[in-house]
Structures are given as C-alpha cells and as structure tokens.
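Once you have looked at the hints, place chain S on chain Z.
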Amino acid sequence: MLELQRLTKTYATGDTALREVSLAVPRGQVVGLIGPSGAGKSTLIRCINRLVAPSGGRILLGDVDLAAVGRAELRRQRRRIGMIFQEYALVERLTVMENVLSGRLGYVPFWRSFTRRFPGRDIENAYRLLDRVGLLAHADKRADALSGGQRQRVGIARALAQEPALLLVDEPTASLDPKTSRQIMRLILEVCEERDLPAIVNIHDVPLAQQFMHRLVGLHAGEVVFDGATTALDETVLATIYGAEDWASSGREPAPERESEDTERHLAEVGR
Amino acid sequence: MNEATPAYPTHWRRPARMLHDRRWRWLVQASVLAYLVLALGSFDVEWARVMEGLSRAQRFAHGFLQPDFTSRWSDIRQGLIESLTMTLTATVVGVAISVPIGIGAARNLVSAWIYRCCRAIIAVSRSLQEIIVAIFLVAMFGFGPLAGFATLSFASIGFIAKLLADDIEEADPRQVEAIRATGAGWWQVLHYAIQPQVMPRLIGLSLYRLDINFRESAVIGIVGAGGIGATLNTAIDRYEYGSAGAILLIVIAIVMVAEYGSSYLRRFLQ
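Chains Z and S, in that order, give the protein sequences. Last residue of the first sequence: 329 (this note's numbering), numbering continuous. Last residue of the second sequence: 253 (this note's numbering), numbering continuous.
Isolated chain Z (complex conformation) (with noise of 0.2 Å):
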C-alpha cells in the first residue's frame, strides 16, 4: 500500500537525515521504527507527507509517487494521510469539535470551513468518532482544557476524521505516563486494524514497541539496519541500532571511568 523506494534527504546544511531509505508496508500493518536521537525517525515520517521536502527517491502511496506531484495535487493527497503527533499538535484554543472537524478542511471549501458549516456527514462522522474515542461528553471543551491522554485520543479522531489511506505516528506517547501510553497505542492498533490502515509509528519505547507493533525497522544515522518481525529484536541487533550497552543488565550502573590526572588538571585550571 505504501512503498518507500530510495527515499533520500539531505538538508540545506548538508547534513544527510535519510540515506536511501526503502520500504513497503502492506495494508493493516502496523510498522514501529525505532532508532535513537537524530536518526531520521521523524524525517522519514515528514517526508511521506512532505512536510519535510525529499531531495530524491519515491514515495508511492496506492499508484501515487507523493514525491513528485505538484502543489494542488499534494494538499488532495495529503487528505488520504492522517498524521498524529508527538505532545497532540492540537489547536489549543479551539474546541474540540473545531480539532475533530479540521480534519476535514481539505474536504470543504474555504468560506465553508470559516463559517463552521462543516457538511452534516461530516459532523455526525465527527460525533462518531468522538464516541469511539471515548470523548463524546467533551466535544464543546477547549482543547486545552483536556488531560494529556484526552487530548491524543482527539488527535487520533482528528487523523481518522479525513478518513485516510495511511496513518503517521509520530512519538504518540512521548508526554503521556506508562499506563495512558498503553492505551493509546491499543486504540491506534484497533482503529488500523477496523479500519485495515496501515501505519509507520516512530517510538522510542523499545518494550513499548515490542508489545504492540507488527514488525520493526530500525534506523541509524538516516540507513535501515534493522527490518523484521518483533520478535527478532535481541541485543545484537538492539546494538546495531542504538550502539553498544549493557541491554540485558538492570544492576547499578558502573561508577564511569575517569582518569585521576585528568581531574588533577581540571581542578588546576578551576584555581586559575
């Protein structure tokens, strides 16, 4: 459904983020890409929907190649794309319904988004998923008026209110405590799976990945080095990834190394 072939970006400072990066996900797959700070995690999902502009490569969605068409054509394709964010990117001062409903403005016409005629369908699409996500009863609330947890759950309406073909994730629960975290990735796995969407979800959270994505990718330093099933992440791989570290190990961590003169001469400058 969604295919990444030679996907490249290097950014004005020339620093490379993403080297020829390739990569299919099939409908109602779940894929985690995992990889540490500045790998190119959130690149690679930025790209597909340009947010982030590619420098070379293509990105078929359907028989789509999104990194070629043009500016029109973007803002139509970008509506099959549902994105949910790191820290919900929600529209803080307006309600939760305007949230829900500004999935929708790529569907209607400008006068008719600025008047808040949304088209019944979509209202009642709106209150529908509200519903699913357990939000019903705080459709009239400001955004900000809402828990961190409550405010993703609106998030993922958001995504799913321009009824996509694909869903980008990115650090769903990066702000949220262990428990909210897992329910909101439960609710992202059931909507793909009612909904057969296949999603690319970047997370940080190892366990968390392994207990609920279909397949892992991991990136390192913009290169896939890592592409397979969850269960086939052990250390050695979880060190091609990350770099060396004891995994395995809970203990204390040992006191770090150093070097007596060098504190020696540290100190003599300190008196300077």
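Heads up, some of the hints might be wrong.
[Unchecked claim] Chain S stretches covered by chain Z per the calculated footprint, using a threshold of three residues with CB under 8 Å from any CB of chain Z:
(1) 161 to 167
(2) 170 to 179
[Stated by the list, open to error] Going by beta-carbon spacing under 8 Å, a handful of chain S positions derived as facing chain Z:
(3) PRO(-11)
(4) PRO(-8)
(5) ARG157
(6) GLN158
Keep in mind that the hints were calculated from the coordinates and are not lab data. Think of the CB as a built atom: it goes at the ideal place given N, C-alpha and C, for glycine as much as any other residue.
For chain S alone, coordinates are given in the frame of chain Z:
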C-alpha cells in the same frame, strides 16, 4: 573507594562573559563614567533664566491646583469629542490595515518578497515619529482632526503590524504543521492554526493602541492636527493655566480609565 578524594575548591565566582581581563573591565567602566561627566558638563545652564522660569512654573503649578473646568468648557468639550472620534476611527482603520500587513510580514507564512515588502512598510511607519507625520499631513490636509486621524492611523500600522507579525512568527509551529498535514489550504491554515493562537494578543494590542492614540492625539494637536491638543495649545498660548490644568487632568483621567478598562478586558479574554 581506594582512590583519594581530590581537594575540591570551596570558592566559585561567575566567569566573565565578555572582557576576560580585569584591567579591560576597569578601563571600560572608567571611560563610560568620564564620558558621562564631560557630557553633562557640556550643557551650559543660565541660572538667571532658570530663576525667571521658576515663577512661571509656579503659576503653572498653581493652575493645576485650581483647575478651571468652566470658563472654556465648550472648547474643551469640542476638543475632547474631536480627540475621541479621531482616536477611535484611527484605531479601527489602523488595525484593519495592519492585519494584512502583519500577516504578510510573518516569515513563516509568506514568500520572501512579500515578507520584505511588508517589513519595509512597517519600517517606514515606525521610523517616522507621530509629530513629524502630523506636521506633514497638516500641510497636506490643513488644520483639523482629519490630519490627526490620518497621522494616528499611519502610526498604528507600524505598531500593530510589527507586533502582530512577531507574534505570528512565534506561533507554535506544531499546531501549524498539524493543520497543514490535513490537506488544508493557505487560508485555512491561517484561520485554523494561526488565528486562534494570535487573536488574544491582537485584541490586547488594539486596546493598548487605542489608549496610545488618545495620548498622542493630545500631542499632535499642538502642531495643528486638531483635538484636545489644539485646545491645550490655545490655553497655554493665552496663559490660561487653569484651563490647561483642567485639560491635562481630563487627559490623565481618560488614559487611566482606558488603562483599567483594557486590562480588565484582556484578563477577561485570556
């Protein structure tokens, strides 16, 4: 622990950010002080003139203590009505023109050349002080509140458009990104992602500008742009310090009312 603990210092001072050498710091401080002393010494004060002025100041202060609201009341009323009309219309027109210019001057919304044009308009409006604009517009439109209205509208543009543009540039980019990701067009992004973030600030700025405009209307009246300033100028010219005192007290009262009113409204809007 087989390693001996090294002797850590017990004294710490904040490292100097600039001018690392202590002697340089002394030198810079001493020369600033020397300059100040020399510069202050360059004003030659004519003590005789100051003495003469003191008696005038006394009469002025006296006028303040016994403000005369009645003998020129119809002039004062006329001036006040002119000033308030000019203030209100200039603020409304100024805001209406500032909003599109402010949007155009926000780097995160428009292309580079629109940005530069709008920033240039703002720079022109901000670099010309109200009095200079007023003198020019009085020459153009003649004496009276029309010149004042035009001056205040022009000055409001620089103020509101700049602060609005800066606020738009500081808007949370994640909210903007989220709306853009839904396939929203430029106008929709503006209306759904930017407007909710900057609206309280825009209303606050407009109210603030309203009371600046009122205060300025008292100043530009002196150069002939009508309003309470013209009345004040006439009163001072006629040595009617009682009436002048009354006018200044009214201006102070109105600015205070506007101040409290707008801060109350702003708190209500948050």
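Structure-based check of each hint:
Requiring three or more residues with a Cβ within less than 8 Å of a Cβ of chain Z, the coverage given for the region 161 to 167 of chain S holds, as 7 such residues are present. Residue count for the region 170 to 179 of chain S with a Cβ under 8 Å from a Cβ of chain Z: 6. That meets the three needed, and the coverage hint holds. Against a cut-off of 8 Å between C-beta atoms, the interface hint on S:PRO(-11) holds, since the closest Cβ of chain Z lies about 6 Å away. The closest approach between the C-beta of S:PRO(-8) and any C-beta of chain Z is roughly 6 Å, which is under the 8 Å cut-off, so the hint is satisfied.
Using the Cβ-Cβ criterion of 8 Å, the hint placing S:ARG157 at the interface with chain Z is satisfied: the shortest such distance is roughly 4 Å. Because the closest C-beta pair between S:GLN158 and chain Z is about 5 Å apart, less than 8 Å, the hint holds.
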